[in-house]
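A.B. asks: Sequence order for the protein chains is A and B.
Residue 105 is where the first sequence starts when you use this note's numbering, and the numbers rise one by one after that.
Residue 105 is where the second sequence starts when you use this note's numbering, and the numbers rise one by one after that.
These aren't lab readings, by the way, just hints derived from the structure by calculation.
Heads up, some of the hints might be wrong.
Chain copies aren't distinguished; within one or between two, either way the pair holds.
Unchecked claim - Straight-line distance between alpha carbons at most 30 Å, and here's what the computed BS3-like set of lysine-lysine pairs gives:
1) K277 with K106
2) K126 with K215
3) K215 with K198
4) K277 with K198
5) K199 with K173
6) K198 with K106
7) K173 with K198
8) K126 with K199
9) K215 with K107
10) K215 with K227
11) K215 with K277
12) K173 with K215
13) K277 with K107
14) K215 with K281
15) K107 with K199
16) K227 with K199
17) K173 with K106
18) K227 with K107
19) K227 with K106
Take a look at the letters that make up each chain.
2 protein chains.
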Amino acid sequence: MKKLTTEEMHRLTVEEFRESEKLPLTVVLDNVRSQNNIGSVFRTSDAFRVEHIALCGICSTPPHREIHKTALGAEDSVAWSYHEDSVECVLALKKQGYRVFAVEIAHDSIKLGMDEMPAALSKVALVFGNEVEGVQESILPLCDGSIEIPQHGTKHSLNVSCAAAIAIWEMWKELGKGI
Amino acid sequence: MKKLTTEEMHRLTVEEFRESEKLPLTVVLDNVRSQNNIGSVFRTSDAFRVEHIALCGICSTPPHREIHKTALGAEDSVAWSYHEDSVECVLALKKQGYRVFAVEIAHDSIKLGMDEMPAALSKVALVFGNEVEGVQESILPLCDGSIEIPQHGTKHSLNVSCAAAIAIWEMWKELGKGI
Numbered sequence: 105m106k107k108l109t110t111e112e113m114h115r116l117t118v119e120e121f122r123e124s125e126k127l128p129l130t131v132v133l134d135n136v137r138s139q140n141n142i143g144s145v146f147r148t149s150d151a152f153r154v155e156h157i158a159l160c161g162i163c164s165t166p167p168h169r170e171i172h173k174t175a176l177g178a179e180d181s182v183a184w185s186y187h188e189d190s191v192e193c194v195l196a197l198k199k200q201g202y203r204v205f206a207v208e209i210a211h212d213s214i215k216l217g218m219d220e221m222p223a224a225l226s227k228v229a230l231v232f233g234n235e236v237e238g239v240q241e242s243i244l245p246l247c248d249g250s251i252e253i254p255q256h257g258t259k260h261s262l263n264v265s266c267a268a269a270i271a272i273w274e275m276w277k278e279l280g281k282g283i
Numbered sequence: 105m106k107k108l109t110t111e112e113m114h115r116l117t118v119e120e121f122r123e124s125e126k127l128p129l130t131v132v133l134d135n136v137r138s139q140n141n142i143g144s145v146f147r148t149s150d151a152f153r154v155e156h157i158a159l160c161g162i163c164s165t166p167p168h169r170e171i172h173k174t175a176l177g178a179e180d181s182v183a184w185s186y187h188e189d190s191v192e193c194v195l196a197l198k199k200q201g202y203r204v205f206a207v208e209i210a211h212d213s214i215k216l217g218m219d220e221m222p223a224a225l226s227k228v229a230l231v232f233g234n235e236v237e238g239v240q241e242s243i244l245p246l247c248d249g250s251i252e253i254p255q256h257g258t259k260h261s262l263n264v265s266c267a268a269a270i271a272i273w274e275m276w277k278e279l280g281k282g283i
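All chains should be built: construct the whole structure from the sequences, respecting the hints.
C.D. replies: This is the structure we're talking about:
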C-alpha cells in the first residue's frame, strides 16, 4: 500500500474551487461559539464543495487566527457571509427557495441514514446550533423539518464539527451526484 | 417542531453503556497530537458504541483536562488502552482476528460510500494517523487495506476528528445492524 503524493491527489487550487460546480447546500452556523469548530466546518465544507457558509450571531468570522488553525486555508476557498440575526438569515434562504432543515434531536425528525430524505430536494440549507443550546428555538418553526443523527451512547449530542461532517457527507451522497 | 428533552432521548448511563452490545469496531489513533481531537473521537465513539479505542505513541490518555473538554465524559464510557508502539498494537489486533484498515489516501484505497466494503467483515479496526503525517508508513504494509473518504476541494485531508466521525458513522451502517 502506497500513499498518494500531494500531486497525485489532484486537489483544486482556490481559483479552480471558486469556478467549480458546488453542492447546492448552504451551511448555517447559528451562534457557534468555538472558532475551532467553525474552522473545522470550513475544512469539511471545502472537501465536499459546500456552496456557502452563513455565520450567524456570536460566530467569529475570517480572518481569525483560531479559525485558521482548523480551517487551514479553507476559509479562503469556501464562500461565506455574516448575519447578525440567524432568524433573518433563515428567512432570506427560504425566500431564495431553499429547503431549510435544523440538525437537531426533535420530535418527528428525519433520521439520517434510516429515513428517506424528502423527494425533489434541490437547494438545501442545514442549520447547526450552539455547542450548549443547539439550534435556537425561534428558528425551529421556520424550518421545513429537522434532521437527526441517530446516536446510541451516553452523550446527548455530537461535537458540532463532527455532526456537520456526518451531515455534509450524507448531503454530498444525496445531492452531489454528477459534480 | 419540538426538541426532545434530555429524558426523552433515553440515552444510556455509563453502566448501561458498558453492559450494552458494541459495534465490533476498534479505533486506533496512531500518534494523534491534539487532545481536542482525541476527546472528539471519544465522544463520537460513545455515540456509535465503538467497542474500544487504542491510543498509540504520542497520544495523551484520560484523565486529561483537554481530552475532557471535547469528550465531555465519553472517556468514562468508551473502553480504551494505551500502546507505546502503534505497530505492536496493529499486530496484536491482527492476531485477534481483526481486519485492519488505514484511513488514508493511498493507491487502491476503498472509496467510502462508493466502493463496496469487503464481504464478511466481522471485527474491524480503523487506524487514524497524525494530523500532519497521517498513518505512519510502517503500519501500512500490515493493514488489510486502506479506506479513503473521497474529497473534492482544495485541502488534502479532513480534520482527523471529522474523518473519524464520517468513517465511524459509515461503519455503524455497515456493522451496526441489530445493535
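A.B. asks: Against this structure, judge whether each hint is valid.
C.D. replies: Evaluation of the provided hints:
Proximity of K277 to K106 under the C-alpha cut-off of 30 Å is found in both arrangements, the shortest distances being 27 Å within a copy and 28 Å between copies. In the homo-oligomer, the alpha carbons of K126 and K215 lie at most 30 Å apart both inside one protomer (25 Å) and across protomers (20 Å), since each shortest distance falls under that limit. Taking the closest pair of Cα atoms, K215 and K198 come within 30 Å of each other only inside a single copy of the chain (22 Å); across copies the shortest separation is 35 Å, beyond that limit. For the identical chains of this complex, K277 and K198 are intra-copy neighbours only, at 23 Å inside a copy versus 32 Å across copies, given an alpha-carbon limit of 30 Å.
Taking the shortest Cα distances, K199 and K173 never come within 30 Å of each other, neither inside one copy (34 Å) nor across copies (39 Å). In this assembly of identical chains, the alpha carbons of K198 and K106 lie at most 30 Å apart only when taken from different copies (20 Å versus 47 Å within one copy). For the homomeric pair K173 and K198, neither the shortest alpha-carbon distance inside one copy (32 Å) nor that between copies (36 Å) is at most 30 Å. Proximity of K126 to K199 under the C-alpha cut-off of 30 Å is restricted to the intra-copy arrangement: shortest distance 20 Å within a copy versus 45 Å between copies.
Taking CA atoms no more than 30 Å apart as the test, K215 paired with K107 passes between copies only; the shortest distance there is 14 Å, against 35 Å inside one copy. Both within a single protomer and between protomers do K215 and K227 lie at most 30 Å apart by alpha-carbon distance, with minima of 19 Å and 26 Å respectively. When the C-alpha separation of K215 and K277 is checked against a cutoff of 30 Å, the pair qualifies both within a copy, at 15 Å, and between copies, at 13 Å. With identical chains, the CA atoms of K173 and K215 are at most 30 Å apart between copies only, with a shortest distance of 27 Å across copies and 32 Å within one.
For the homomeric pair K277 and K107, the shortest alpha-carbon distances inside one copy (25 Å) and between copies (26 Å) are both at most 30 Å. Taking identical chains as interchangeable, the C-alpha atoms of K215 and K281 lie at most 30 Å apart whether they share a chain (21 Å) or sit on different chains (15 Å). In the homo-oligomer, the alpha carbons of K107 and K199 lie at most 30 Å apart only across protomers (25 Å), although the nearest pairing inside one protomer, at 46 Å, exceeds that limit. Taking the shortest Cα distances, K227 and K199 sit within 30 Å of each other inside one copy (12 Å), while across copies they are farther apart (49 Å).
Taking identical chains as interchangeable, the C-alpha atoms of K173 and K106 lie at most 30 Å apart only when both belong to the same chain, with a minimum of 28 Å there against 35 Å between chains. Proximity of K227 to K107 under the C-alpha cut-off of 30 Å is restricted to the inter-copy arrangement: shortest distance 24 Å between copies versus 36 Å within a copy. For a Cα distance limit of 30 Å, the shortest separation of K227 from K106 across copies, 24 Å, qualifies, whereas the shortest one inside one copy, 39 Å, does not.
Of the numbered hints given earlier, the model fails hints 5, 7; all others are met.
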